[in-house]
Amino acid sequence: MKKLVSIFLTLIIGLVFSQVEVVFWHGLSRDPDKSSIEKIIKEFENENPDIKVKVVIVPAAETDSTKLLTAVAAGTGPDLVYLDRFTVSQRAANNVLEPMEDYLKKIGIDISEMKNQFYSFAIEECIFNGKMWALPFDTDVRILLYNAKLLKKAGYNEPPKTVYEMINVADKLTVEGKRGRYETVGFIPWYAQGWPYTWIFAFEGKIFDKESGKFIFATDPGVIEAYKWQEEWANRFGYEALNAFGSLQIGDLNPFTAGKLAMIVDGNWTISGLKMFAPKDFEYKISGIPTKSGKPVTWAGGWSLAIPRGAKHKEAAAKLAYYIATKGQVIYCVDTLHLPTYKPAVKSFLEKDPSQKVFVELLDNAKTRPPLPVGALLWDKLVEARDYVLTGKKSVEQALLDAQKEVQEAYDKILGK
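Residues 25 to 441 (the numbering used here) make up the sequence shown, in order.
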């Protein structure tokens, strides 16, 4: 008996000492996302007893990776990081990441076969210079959500189809209350997911010309019109007044769920929040984002899993990344109702919530932000240009020219021009 116990203890001690610890940074600090990731990691560790995962929650943002950049430069970065997918090209170009593809091959993954298991737009966002630098995780689409009761009260049975109809509808829905503050507001273009890309796509704007390697948004008619349309909105309703209204929070209710904001552009993930927090009598409907042409548009974003440069356990990190992106994504998307990029996850996702089918169908034609090695900078400069315009500090033309100059210079520098 003592001999058996001794052998058992030896095996346990051997396992502990042979374990590698993979440090994983992610920004999922709230449930159900946080608890779902915890569940996935626990299952991964059960299947891979030689790997121990240490999770560090780091606040995530669309483009700000300051903490990651600092840690990589100091040689203290994690083994795996949760990264906004459209920034992958820029982080790869800046030598912040290890090529995920190389380490997936080392653990026996067939790259060509694996790519076919994901939506193509998500894979394309992870590629730089012909190589995969990350694995796709979840995705999303943007839609118009509208308060059916408010629209009907104003005489509308359907939401606006074009961006210019939207201004007229918003006029009727916007009511000024006491002390000059708005009682209700029809729409705020830059609220929630009303990012520059949303309206650039709505006006069929163009950002970059692949053949010439030049950014063209500063002179593109669609981009200029998208910015001037928002400028008109700010001038008509008041930029500061709309921002003050949009920042109102009544308990768990934002202006939309409180029945004060008639229409918003937001992501499909909002639906689960509406089910949890919106009042029972709150009646909302979903429609396509209004466009110049009247043909609805959407765009997809999402996150990825990448190995930072200098990671201590690259192959173990690749194994964890692959598990989270595949088996883990099936669990995560059911738990959180985030849209999957991993096609085998779609079936169980729709079984959990059949109403999500409308969003899944949008993925085939969803637009994406251009996967460029200055993608994060481009995002920031487009937002900055918009804010200059809305606050009256620059004209549309000047704001876009200034933004384009900075982005082009950064792009040329990366390419050694």
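Treat the hints as calculated values from the structure; they're not laboratory data.
Ideal Cβ positions, reconstructed from N, Cα and C, are used throughout, including at glycine.
Watch out, some of these pointers could steer you wrong.
[Stated by the list, open to error] Derived lysine-lysine pairs resembling BS3-like cross-links, with alpha carbons at most 27 Å apart:
# : residue 1 : residue 2
1 : K177      : K76
2 : K139      : K129
3 : K437      : K234
[Stated by the list, open to error] For each label pair, taking beta carbons as the anchor points, the in silico distance ranges come out as:
#  : residue 1 : residue 2 : range
4  : E182      : K391      : 42 to 50 Å
5  : E375      : E182      : 28 to 36 Å
6  : T415      : V382      : 35 to 43 Å
7  : R203      : K371      : 50 to 58 Å
8  : T186      : E69       : 48 to 56 Å
9  : K238      : E69       : 15 to 23 Å
10 : K234      : R205      : 46 to 54 Å
11 : E182      : G132      : 50 to 58 Å
12 : S136      : K78       : 37 to 45 Å
13 : N267      : D436      : 34 to 42 Å
14 : G237      : F301      : 43 to 51 Å
15 : K391      : N259      : 27 to 35 Å
16 : I438      : A265      : 39 to 47 Å
17 : T186      : Q273      : 26 to 34 Å
Each hint tested on the structure:
Proposed proximity of K177 and K76 is contradicted: the alpha carbons are some 58 Å apart, above 27 Å. For the proposed pair K139 and K129, the alpha carbon gap of about 13 Å is at most 27 Å, so the pair holds. A threshold of 27 Å between alpha carbons decides the hint, and for K437 with K234 the separation of about 17 Å falls inside it, so the pair holds. Hint check: E182 to K391, Cβ distance near 24 Å, so the stated range 42 to 50 Å is violated.
The hinted window of 28 to 36 Å between E375 and E182 holds, with their beta carbons roughly 31 Å apart. About 37 Å separates the C-beta atoms of T415 and V382, a value consistent with the hinted range of 35 to 43 Å. Checked against the given bound of 50 to 58 Å, the beta carbons of R203 and K371, roughly 54 Å apart, stay inside it. Here the CB-CB span from T186 to E69 is close to 52 Å, well matched to the stated 48 to 56 Å.
Checked against the hint of 15 to 23 Å, the pair K238 and E69 fails, with Cβ atoms roughly 49 Å apart. Remark: the range hint 46 to 54 Å for K234 to R205 is upheld by a beta-carbon distance near 48 Å. Against the hinted window of 50 to 58 Å, the Cβ-Cβ separation of E182 and G132 comes to about 53 Å, which satisfies the hint. For S136 and K78, the Cβ-Cβ distance of about 33 Å falls outside the hinted range of 37 to 45 Å, so the restraint is violated.
A hinted range of 34 to 42 Å for the beta carbons of N267 and D436 is consistent with their spacing of about 35 Å. The given range of 43 to 51 Å is respected by G237 and F301, whose C-beta atoms sit roughly 47 Å from each other. Separated by about 28 Å at the C-beta atoms, K391 and N259 satisfy the suggested range of 27 to 35 Å. Against the hinted window of 39 to 47 Å, the Cβ-Cβ separation of I438 and A265 comes to about 41 Å, which satisfies the hint.
In this structure the supplied range 26 to 34 Å holds for T186 paired with Q273, their Cβ-Cβ distance being about 31 Å.
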